[in-house]
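S.K.: Same order as they appear, the protein sequences are chains A and B.
The UniProt record's numbering numbers the first residue of the first sequence as 1 and each following residue consecutively.
The UniProt record's numbering numbers the first residue of the second sequence as 1 and each following residue consecutively.
It is worth saying that the hints were derived from the structure and are not from the lab.
Honestly, I wouldn't trust all of these hints.
Okay, the calculated beta carbon distance ranges per label pair [as the list claims (entries may be wrong)]:
id	chain 1	residue 1	chain 2	residue 2	range
1	B	E79	A	R288	41 to 51 angstroms
2	A	E431	B	E79	27 to 37 angstroms
3	A	R131	B	I110	27 to 37 angstroms
Cβ coordinates follow ideal geometry from the N, Cα and C atoms, glycine included.
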Amino acid sequence: MPGFRVLIIESDAEEAGRLRDLIRACAYTSPSGCTVPAETWCVDSFAQARSMIGRVAPNLVLFGPASARVATAGELRQLRQQGGLAPIPILFVQDLKSACAGEVPKADCDDIVIKPYNPGLMEMKLASIRRFRDFNRSLITQRDRLRRHHADFLQEQANAREIFGNLGNESCLDDTDAIRYHLSPRAVLNGDLLAATYTPDGKLVLMLADFAGHGLAAAVGAVPLTSIFYSMMPRGFSFSRVLREMNRKLFDLLPRQMFCCLVMLELDPRRNHLRLLNAGMPSPCLVRADGAQELFVSRHLPLGVLADDQVDTAIVNYQVRAGDRLFLWSDGIHEARNLRGEHFGEERLLALLRKGAESGEAPSRELQDFDRILVAVNAHAAEQHDDLSLVELDLSKPSLTKGDCPAVDYSGVRRGGRIGEWSIEICLAQEELREADPLPHLLSVLVQMPGAVRFREDLAIALGELFRNAMEHGVLGLDSSIKNTDEGFVRYYDLLEERRQQLDGGWIRISLRCDDWGGGGELQLQVEDSGSGFPPCTRSGRGVYSGRGLAMLRTVCRNLEFSPGSSLVRAVIAWGDGQPTDGENGGAKTVQTPTVPV
Amino acid sequence: MVVSDSYTSRVYTEVADDGDTLVIRVSGNFDFNMHREFQRAYRNVSPPPKAVIVDLSTTEHLDSAALGMLLLLRDYCVEVGRDGDEPRVELINANSHVSHILSVSNFDRIFSIR
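Please build the complete structure, drawing on both the sequences and the hints.
M.R.: Here is the structure:
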């Protein structure tokens, strides 16, 4: 228990001695039970007191009757300032017999001790001052502790934010002007999460997620989510496979009452095909070139709620047309409240987008809609209640095609390295086909080859096309012509999902053969399926292998062969000089079978 | 997602006439501030009810924290179900705003909503 120190200011030595005895006689028992007598110091003037205060740090200053009479308000103020945060109570002695009693600056002292002294009263006053001193001290201790905790907490959040920020380093959000986004966290850490990257075959994948809760817990959940996204997507795992993986991981990690709402989309800019899953987020709005709006309502539970969940049935497919733009937002925008507590709501947003479509030319509109929404939300919201995110995606902009994006860096790979001579064959049966995702495995083997980055994207596209065709047309027997209308397009993908779930037979065999003659080479891909084979040749180009798929294959392959009645397709990707230096070796491997030119 | 400010909200509980059904009514804003009261409403009910009905007729708004609390209630009922009959959970009387939130989150897939 710290002692109680009293500084007595009194010019009359006899009077000072009397006060000191009086104070020493007062017994005080602290809340902790020990009795410590007060320590006293006597000085005879205010000037002396000032020089003592720093040294003594008194808990109480007592002005004796003579000193009290001459004390000024200014002096008392100085005294208080010296006390700093722990205020020093100031007591005046007032001599009732003295004529000048009225001159005491009463308002500036804390209490008055009346002379002649009453020891009982004095004891009470001192005890009460001590209690206040103890109380004040514990408050300051608590404040300091809180301050320290708060500083630690902010530091922790700042560290977490840095980690969180680094997670986004892999994103391609800033590589294209077709994506505009605004994220504004309510706290240091953002519960909203935006990520985008490309698949090996050049599809853009974008995810906007919102964790229940914000701050640290939400950011912690973002770590596995982002790392799954950025590790699986660029390796070519399928959209639904990645989503299932995310759901599983979040279910394992998150406390029961936490979950993650999310919109994830995959845009194939070459085929103008958009796939989208909405799990509990506000509906993204597709604004067509003519201003028509379409909402992608949530068709799935938030991720992390159920242990194992089929996401496929909730994925929607969409054919993109020139001028289509997609707006995504988190519920921070919906729930922005004004002073009357009214939410901003979806209706206001859609109205803003409608207004945008009605006014002006398309190019000026693009910037306006995005900014206008933000301005309107900020104008509406009295204060920010939640993380607020807005994303605009121009679906038909050419800059969405990966082309210029830096390829995933497989460090240590020499571009001119030898790829080698090898072959692989994989056969997938019905069980595997239901969940089929052979591309990432094949691609991950292939990128191990030095120099393979040179044809990585071509290979991903060719393999993807060949596999999809074998699966959709061969094994599942779907007819591409269903896709010719908008409704048919959606119907086609619904049918695809339905038939895949019910698949009880069939197989796909994929074989790869690589020839490397130094400075150039060829990769031969063969894909065969259990289907009934291609229908009799349709030279018009229409039919099973119709449309974009074929065109895409042709852009990446030097050679493409398939025969009617057969279900075997052979494609060749070439690089470098294109001609083997050793004619015998190279020639033996390009077996020419009678084929139908396509 | 929002953990909203406290408005005047309350949790009321009653046991329905048959004695086996626990009715929990949440008034006002069903949000994070309710979590203690909401948990208290169904935990420590002995014997456990055969059904828990969450009456949302006086719920004005419901946020993600409330959805989380409903998941906890569902988990609790599964837990109780290990030793006997699993109490059934029903959400009833949601206003249009609240049902919209429930349907956006697709909670109708894991709860019976009337």
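S.K.: When the hints from earlier in the document are held up against this structure, which numbers fail?
M.R.: 3
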